[in-house]
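J.: Same order as they appear, the protein sequences are chains R and F.
Following our numbering, the numbering of the first sequence begins with 1 at its first residue and continues without gaps.
Following our numbering, the numbering of the second sequence begins with 1 at its first residue and continues without gaps.
Derived from the structure by calculation, the hints contain no laboratory data.
Take these hints with a grain of salt, some might be off.
Stated by the list, open to error - Within a straight-line C-alpha distance of at most 27 angstroms, the following computed DSS-like cross-link-like pairs (lysine-lysine) qualify:
hint, chain 1, residue 1, chain 2, residue 2
1, F, K42, R, K278
2, F, K57, R, K278
3, R, K278, F, K84
4, F, K84, F, K57
To be verified - Here are some chain F residues the structure puts well away from chain R; computed CB gaps all over 12 angstroms:
hint, residue
5, K57
6, A58
7, E70
8, L85
9, K107
10, Q130
11, E163
12, R187
13, S271
14, R282
15, N386
16, Q426
C-beta: ideal position from N, C-alpha, C; glycine also.
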Amino acid sequence: MATTLAPAPAGARGSAPEPGHRPRARRTAVRYLPLVPAVVLLGVFMLGPVVWSFYGSFTNAALTGRNALAPSFVGLQNYQELLADPEFPKSLWLTVLFVLASAVVGQNVLGLTLAMLLRSGAPAVRTVVSTLVVVAWVLPEIVASFALYAFFHDAGTLNALLGAVGIEGPTWLYETPMLAVILANVWRGTAFSMLVYSAAVAEVPPELTEAARMDGATARQRLVWVILPTIRRSVSTNLMLTTLQTLSVFTLIYVMTGGGPGTDSSTLPILAYQEAFKFAQVGYGTAIATVMLLIGAVFSVVYIRSLRPEVD
Amino acid sequence: MRQVRLTAAAAAALLVLTAGACSSGGAGGDGGATTIKIAYQKFGNFTQADELFRDVKAEYEDANPDVTIELVPIEASQNDYFTKLALMNRSPSTAPDLMYEDTFMIKSDVEAGYLLPLDEHLAGWDEWDQFVEGAKAAGLGDDGKTYGVPMGTDTRGLWFNTEVLAKAGLPADWAPTSWDDVLEAARAIKAADPEVIPLNVYSGKPMGEASTMQGFEMLLYGTDDRLYDEDSGKWVVGSQGFRDALGFIETIYSEGLAPTPQQALDPNLGSVVSGEWLPQGRLGIALDGSWMPGSWLEGGEAPWPEWSEVMGTAAMPTQDGGEPGAVSMSGGWTLAIGAGTQDPDVAFDVLTHALDKENALRFAVENSQIAVREDVAAEPEYLEANPTTKFFSDLVEVTHFRPATSDYAQVSNAIQVAMEAVMTGQQSVEEAAAAYDAAVVDIVGEQNTVEG
Numbered sequence: 001m002a003t004t005l006a007p008a009p010a011g012a013r014g015s016a017p018e019p020g021h022r023p024r025a026r027r028t029a030v031r032y033l034p035l036v037p038a039v040v041l042l043g044v045f046m047l048g049p050v051v052w053s054f055y056g057s058f059t060n061a062a063l064t065g066r067n068a069l070a071p072s073f074v075g076l077q078n079y080q081e082l083l084a085d086p087e088f089p090k091s092l093w094l095t096v097l098f099v100l101a102s103a104v105v106g107q108n109v110l111g112l113t114l115a116m117l118l119r120s121g122a123p124a125v126r127t128v129v130s131t132l133v134v135v136a137w138v139l140p141e142i143v144a145s146f147a148l149y150a151f152f153h154d155a156g157t158l159n160a161l162l163g164a165v166g167i168e169g170p171t172w173l174y175e176t177p178m179l180a181v182i183l184a185n186v187w188r189g190t191a192f193s194m195l196v197y198s199a200a201v202a203e204v205p206p207e208l209t210e211a212a213r214m215d216g217a218t219a220r221q222r223l224v225w226v227i228l229p230t231i232r233r234s235v236s237t238n239l240m241l242t243t244l245q246t247l248s249v250f251t252l253i254y255v256m257t258g259g260g261p262g263t264d265s266s267t268l269p270i271l272a273y274q275e276a277f278k279f280a281q282v283g284y285g286t287a288i289a290t291v292m293l294l295i296g297a298v299f300s301v302v303y304i305r306s307l308r309p310e311v312d
Numbered sequence: 001m002r003q004v005r006l007t008a009a010a011a012a013a014l015l016v017l018t019a020g021a022c023s024s025g026g027a028g029g030d031g032g033a034t035t036i037k038i039a040y041q042k043f044g045n046f047t048q049a050d051e052l053f054r055d056v057k058a059e060y061e062d063a064n065p066d067v068t069i070e071l072v073p074i075e076a077s078q079n080d081y082f083t084k085l086a087l088m089n090r091s092p093s094t095a096p097d098l099m100y101e102d103t104f105m106i107k108s109d110v111e112a113g114y115l116l117p118l119d120e121h122l123a124g125w126d127e128w129d130q131f132v133e134g135a136k137a138a139g140l141g142d143d144g145k146t147y148g149v150p151m152g153t154d155t156r157g158l159w160f161n162t163e164v165l166a167k168a169g170l171p172a173d174w175a176p177t178s179w180d181d182v183l184e185a186a187r188a189i190k191a192a193d194p195e196v197i198p199l200n201v202y203s204g205k206p207m208g209e210a211s212t213m214q215g216f217e218m219l220l221y222g223t224d225d226r227l228y229d230e231d232s233g234k235w236v237v238g239s240q241g242f243r244d245a246l247g248f249i250e251t252i253y254s255e256g257l258a259p260t261p262q263q264a265l266d267p268n269l270g271s272v273v274s275g276e277w278l279p280q281g282r283l284g285i286a287l288d289g290s291w292m293p294g295s296w297l298e299g300g301e302a303p304w305p306e307w308s309e310v311m312g313t314a315a316m317p318t319q320d321g322g323e324p325g326a327v328s329m330s331g332g333w334t335l336a337i338g339a340g341t342q343d344p345d346v347a348f349d350v351l352t353h354a355l356d357k358e359n360a361l362r363f364a365v366e367n368s369q370i371a372v373r374e375d376v377a378a379e380p381e382y383l384e385a386n387p388t389t390k391f392f393s394d395l396v397e398v399t400h401f402r403p404a405t406s407d408y409a410q411v412s413n414a415i416q417v418a419m420e421a422v423m424t425g426q427q428s429v430e431e432a433a434a435a436y437d438a439a440v441v442d443i444v445g446e447q448n449t450v451e452g
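Only chain R is shown next, with the shape it has when bound in the complex (with noise of 0.2 angstroms):
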């Protein structure tokens, strides 16, 4: 971040004679230090606690018993521990398809729909629309869960409303858990992609749109060959920003069906709170931390290399 920031002016002066080397040296020093305290907290707050998970997952620290007092380092064994958990790849799944369902496909893609769409729609539709769009998202995320807990519930307001039209549907949280933390994600994370997407699909030159139309593209054309590839850099960094924030929802799911039923519903920030603060295995607890560091390194490599959103 700090190299990006300095150095226009230095190399705009790349050509200064020789003796101005070493003051120049000094004044790039300077111009550094504003920033020591902001990388220093950023170290400290953000880096430090990662590196920190990083080196518990290799030890058997404990939160209460033997382990608490003493910890040892126990080299792979917590990764080799988790790879032979049965629970473990089911985990891994429920997580993968939390991600890909609730964030890659379900925000991002009613996120843009609704961001065309209200691009078209009367002033007044496009408020009320995207207010109660909004408020989803602007609720705590603790309030979101035990309002979406309350909706899916047995005899909840989705089962009264099915009711009212005679249909008697399922017991949500317990026979479709996945279907229904999936839909609250969605609910709760459509406003932030709907925002992102409507400044973008806003910043696309109506000349090429207009164009296209007179060439004869059809809408669905217009959208595929002329909005997407130009807000290319926007999906890029929504799905990146999405798919991560969805990778650690906890509240959400916890509140909602505690994991369960069984661990039909266990994605892996619920395995990692029950290994580490049920069980108080602490260090196996960031294993699976780590691993989840892994699998959100893996969705935002691919995303950069497939959108090269630095290259036009």
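With chain R fixed as given, assemble chain F onto it according to the hints.
T.: This is chain F only, laid out in the frame that chain R set:
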């Protein structure tokens, strides 16, 4: 330009310095005065400990002006309470001097070095012999030293709604002598009124430890098998008793003698049972704890003045009526002293004040606890507090304690998983028992298990 830059740097530096200064403040005594920090749970309708410690603080500070008592009520459910207490204990600056400690966490917290052995202090306390032996045992660490002074204990048994049982032709002094008796009564209730839930036995992960202890262990300890072999210190796998207990769960849930799995897997089932189902006559029999009247008393969560006329109690029978005929499980809470306390003598003095006869009596009555002091147990006020006190106190004779090793939490979870699998029909009893055995071997290691 330069000046601006310097000012910015100075401002930033100042920010870092003040942030640092903030964190290093706090702590430290104010010359001679002693501060005793007491950590305890305060959650939902459990405010009895909070009320007790508030009064203890007022009384003790009045009598000892140089001592300040700092109360740290931890507002968290049972599971989260252990976690938060453990996190507090990990750092000397937050570790409490006195803590409200569950008996089943004592052994592992001793291993973790969180607790102070109290033997020397107890030797000099003339009221220590008032405590009953069984309760004292619950405060022992693996090294045989005492780490917790018991505040109260509990037992478990069958609660039944006499009005519901009467409709099914069962007497008000119903006393089953085997599991079959219980099942027959449940079937009779179902036949008399299909709308009523005949029998509730907690099961599955959402109810956590209640499933393991009020549900599964109340069954298992009524068979010839155990969860853990105390003599060899090994966990029992592959026992017939384990399969029979799971079989009982499967029977009641598959025959519709229990709540539906959806109802049973609601984490709020506990308050639904005591606050709605039993008072409204929607549940016949509940396998539950001695503390139930706590929520029905005036000022409780769901006041129900008629409860003592409507509700009956019976001991949970053993599987086929074998000796000793009844079974119960006990837990309970203690007061323990933090290993890092600056002033163990003062901390112990506060402890003895909080658990003197008067306070122990009050806590037992208000919290519907089984008294652990003989002088309290003999008090008419205690015996008259509610009509079931004597019944549940007598169950102490047949009670069992959980094997509270540091692996227990994970084994308990494996039990809940097995229960949930059979109650929902996902696995047969044999499959669920086999999965449990594999899980236990995984948790404690093959060398620490023994075939049952």
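J.: Run every hint past the structure and note whether it holds.
T.: Taking the hints in turn, this is what the structure says about them:
1. Proposed proximity of K42(F) and K278(R) is supported: the alpha carbons are some 19 angstroms apart, at most 27 angstroms.
2. At roughly 32 angstroms between alpha-carbon atoms, K57(F) and K278(R) are farther apart than 27 angstroms, so this suggested pair is violated.
3. Pair hint K278(R) plus K84(F) holds up; C-alpha atoms about 11 angstroms apart against a cutoff of 27 angstroms.
4. In summary, the hint linking K84(F) to K57(F) is supported, as the alpha carbons are separated by about 22 angstroms, within the 27 angstroms threshold.
5. Here K57(F) stays apart from chain R, with its beta-carbon at least about 27 angstroms from theirs, past the 12 angstroms limit.
6. Against chain R, the non-interface label of A58(F) holds: every CB pair exceeds 12 angstroms, the least being about 32 angstroms.
7. For E70(F), the shortest C-beta to C-beta distance to chain R comes to about 23 angstroms, beyond the 12 angstroms cut-off, and the non-interface label holds.
8. Listed as outside the interface, L85(F) is inconsistent with that label: its C-beta sits roughly 9 angstroms from the nearest C-beta of chain R, within the 12 angstroms cut-off.
9. With a minimum CB-CB distance of about 8 angstroms to chain R, K107(F) fails to clear the 12 angstroms threshold, and the non-interface call is violated.
10. Non-interface call for Q130(F) relative to chain R: holds, since the shortest CB-CB distance, roughly 30 angstroms, exceeds 12 angstroms.
11. Interface exclusion of E163(F) from chain R stands, the closest Cβ pair being 26 angstroms apart, more than 12 angstroms.
12. Every C-beta of chain R lies more than 12 angstroms from that of R187(F), the closest at about 26 angstroms, which supports listing it as non-interface.
13. Distance check for S271(F) against chain R: the nearest CB is about 16 angstroms away, which clears 12 angstroms, and the non-interface claim stands.
14. Every CB of chain R lies more than 12 angstroms from the CB of R282(F), the least distance being 15 angstroms, so the non-interface label holds.
15. Its beta-carbon lying about 33 angstroms from the closest one in chain R, N386(F) satisfies the requirement of being farther than 12 angstroms from that chain.
16. Some Cβ of chain R comes within 12 angstroms of the Cβ of Q426(F); the nearest lies about 7 angstroms off, and the non-interface call is violated.
When held up to the earlier numbered hints, the structure conflicts with 2, 8, 9 and 16 and fits the remainder.
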